[in-house]
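*Asks:* Listed here are the chains, written in short residue letters.
Protein chains: 2
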Amino acid sequence: MIRIPVALPSSHYDIRIEPGGLDQLGAALLDLGKADRVLVVSNPTILKHYGARVQRSLLQAGFESASLALPAGERYKTLRTVERIYQAALDCRLERSSIIVALGGGVIGDMTGFAASTWLRGVRVVQVPTTLLAMVDAAIGGKTGVNHPQGKNLIGTFYQPSLVLVDPDVLATLPRRERRSAMAEVIKYGVIWDAELFRWLETLSDLDRLEPAQLTRILVRSCQTKAEVVVRDEREGGLRAILNYGHTVGHAIESVTNYRRYLHGEGVALGMVAAGRLAANLGLWSASEAARQEALIAGAHLPVRWAGDIATDALIERMQTDKKVVTGRVRFVLPEAIGRASIGVEVPEAVLRSVLDSLAD
Amino acid sequence: MIRIPVALPSSHYDIRIEPGGLDQLGAALLDLGKADRVLVVSNPTILKHYGARVQRSLLQAGFESASLALPAGERYKTLRTVERIYQAALDCRLERSSIIVALGGGVIGDMTGFAASTWLRGVRVVQVPTTLLAMVDAAIGGKTGVNHPQGKNLIGTFYQPSLVLVDPDVLATLPRRERRSAMAEVIKYGVIWDAELFRWLETLSDLDRLEPAQLTRILVRSCQTKAEVVVRDEREGGLRAILNYGHTVGHAIESVTNYRRYLHGEGVALGMVAAGRLAANLGLWSASEAARQEALIAGAHLPVRWAGDIATDALIERMQTDKKVVTGRVRFVLPEAIGRASIGVEVPEAVLRSVLDSLAD
Ligand SMILES: NC(=O)c1ccc[n+]([C@@H]2O[C@H](COP(=O)([O-])OP(=O)(O)OC[C@H]3O[C@@H](n4cnc5c(N)ncnc54)[C@H](O)[C@@H]3O)[C@@H](O)[C@H]2O)c1
Ligand SMILES: NC(=O)c1ccc[n+]([C@@H]2O[C@H](COP(=O)([O-])OP(=O)(O)OC[C@H]3O[C@@H](n4cnc5c(N)ncnc54)[C@H](O)[C@@H]3O)[C@@H](O)[C@H]2O)c1
Ligand SMILES: [Zn+2]
Ligand SMILES: [Zn+2]
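As they're listed, the protein sequences go chains X and E.
In this text, residue positions in the first sequence follow the numbering used here: the first is 658, and each later residue adds one.
In this text, residue positions in the second sequence follow the numbering used here: the first is 658, and each later residue adds one.
A portion of the hints provided could be inaccurate.
No copy is singled out in the list; a pair is fine if it fits within one copy or between any two copies.
The list that follows gives simulated cross-link-like pairs (lysine to any residue, SDA-like), each with its CA atoms no further than 20 Å apart [unchecked claim]:
| hint | residue 1 | residue 2 |
| --- | --- | --- |
| 1 | K705 | G683 |
| 2 | K705 | Q744 |
| 3 | K691 | E721 |
| 4 | K691 | R986 |
The hints are simulated quantities; they were obtained by calculation from the structure and are not laboratory data.
Turn these sequences into a full structure, and let the hints guide you.
*Replies:* Here it is in structure tokens:
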């Protein structure tokens, strides 16, 4: 078992990376201290695969526990669905000392974190990510949220989990497209922070067929980077914005396609390609490194172009309602070298337009 | 202007008590630093009396501002109504640096605080309480919340305001019943913390007809007590529970009467009478001091008995679903002397029953 401590000013918790860790969940919760009731929030697919093992582990550790199956999919990441978590919390009489376990991908993790942060003004949440994206990104760092009809994650809180338990074995059942999608975030860490990771990823022959040790290395390096950034800036006052690399254009693409056409990581992949080109066009980043990024993204079977029906105008308008927009001007995170990026870079609209146009097929 | 600083580990803010302070709101917000947009959340009654003055003050200080009128009343303190605040925040393009002003009583303050703590994962909120209850209690301390059909304030956050601006002059338009109701919380501070305040209140001939200086003294002492307790225990880990004195029975009474028959403070008044009797019955508190409490409450034109249609069984059942219940057993805050109380006291059900029975007319 590999343990990555996350030491925030306000709270300390561990990320545990542990093959077969699902069976250790009950024991791990006992280490967190006083709790008797546990509510596991998940969805039907995940419960089918792992629900029984999780419940057995909790039972063996002496917890009274219940499971809630929410409908799967980003379009259910809403306040309405959170209300179902509240109802379940009420039905199984959760108390302040109880624990809610988020067993699932980022959608389940974000909603469950939000529900936990607002139920009884805060009960503890333990993240058990089951997608690669949630393992390397969503489950770490304490951002919770749900979507508003007019924008992603507009409603949310900063609320740290009490534990993140990563069992890489559960990725065996994850659809290949989901795994590939998450590689975008891993590549992101390489570009903005961890040049060694980036260069090592370039040497792998096939990101679809990783040895267990290679997968573990990817998980550890990604969790470390995310944790390091979050510890330096819990509430996104500055540095943490670096994690939004690729997300400004990425969110706009997800949004104008109604969150149906692209997975989150696919949007981020496209956003990184766009940001790379912006950085190169502005002379901030070498064209050759930007090309290496594009090659690594393409090699990971991720998209590097979008369909021509996505209008540049619509993308720009969407970016301007993004919550990171300060007084109307869109700012970008742009790479300066592999392993280093700048935040808050303003880009002239003409440059933005020409880069976005160049990426629409 | 009287300034009471509230120095929490995570944030510092001031309570300003200032007759005519409404006209200083814009200037006060300028002191808080960078913000351009302000959303004022209130209700039609309050906006009719004070909306124009508030908007003028904000305009003169150079803010772009808008007002949102929510329907008045505890029954609208719901997630649905919070969604109207989110929509207004979107419509006037609030950003992370923007400020939401809660202009109103506890209902507006609690909902607006909740919306501010969850919109864009947190924008600043300034409390401008317009009821006596909000001035002495609800606006201070950072508890936000909305009701769930099955219980009061089940959904909420801990989120500190950036400023609390108290203008006692606005109490001129407050219905007398509302003012009287809030006196219950003032008396509460006397019983649990501030014996001097209690004894001074006993000397006043008519709590309905206070001199301005007397009112100010009440506001200052109450805000000081609340702030002191909150600073020592921001997240209700221990001491802060003392502020729930009178609230266990009080909430149950409000709840079984569907929040229609009693104002919050009236419920608290009844709850304090019940708690006082419990304490006396258990030998924790002298019967004579409990009687002095009952006399002060009655003298403040607050109820000390409830109607016989409120069944003891229903009250007890409601208390057991209260969020402060730890593992099924109801615990009480009970006075030991005027100015001092114990928290977490378990009461045998037979004693509870007989006290509740004794208070039903
Ligand atoms: N909080 C943060 O910091 C943060 C960071 C990044 C992304 N996110 C959010 O995460 C969400 C995306 O998360 P995601 O990519 O994990 O998607 P997801 O949660 O929708 O999961 C993807 C799909 O995989 C299925 N699935 C999950 N685990 C499985 C398994 N082990 N086996 C088989 N099927 C499995 C799910 O049922 C779902 O249909 C977005 O809403 C995004 O906003 C949050
Ligand atoms: N957050 C906390 O720590 C805390 C503490 C105590 C109570 N509360 C909450 O506060 C709420 C009760 O607050 P409240 O008693 O202020 O009730 P309220 O907010 O409903 O206001 C009472 C009525 O007075 C009217 N009003 C307000 N100011 C007025 C003015 N100056 N002139 C004329 N009319 C005016 C309002 O329109 C409303 O109809 C409850 O929901 C309770 O849960 C919260
Ligand atoms: Zn992402
Ligand atoms: Zn109260």
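*Asks:* Go through the numbered hints given earlier and state which of them the structure violates, listing their numbers in rising order.
*Replies:* Number 2 only.
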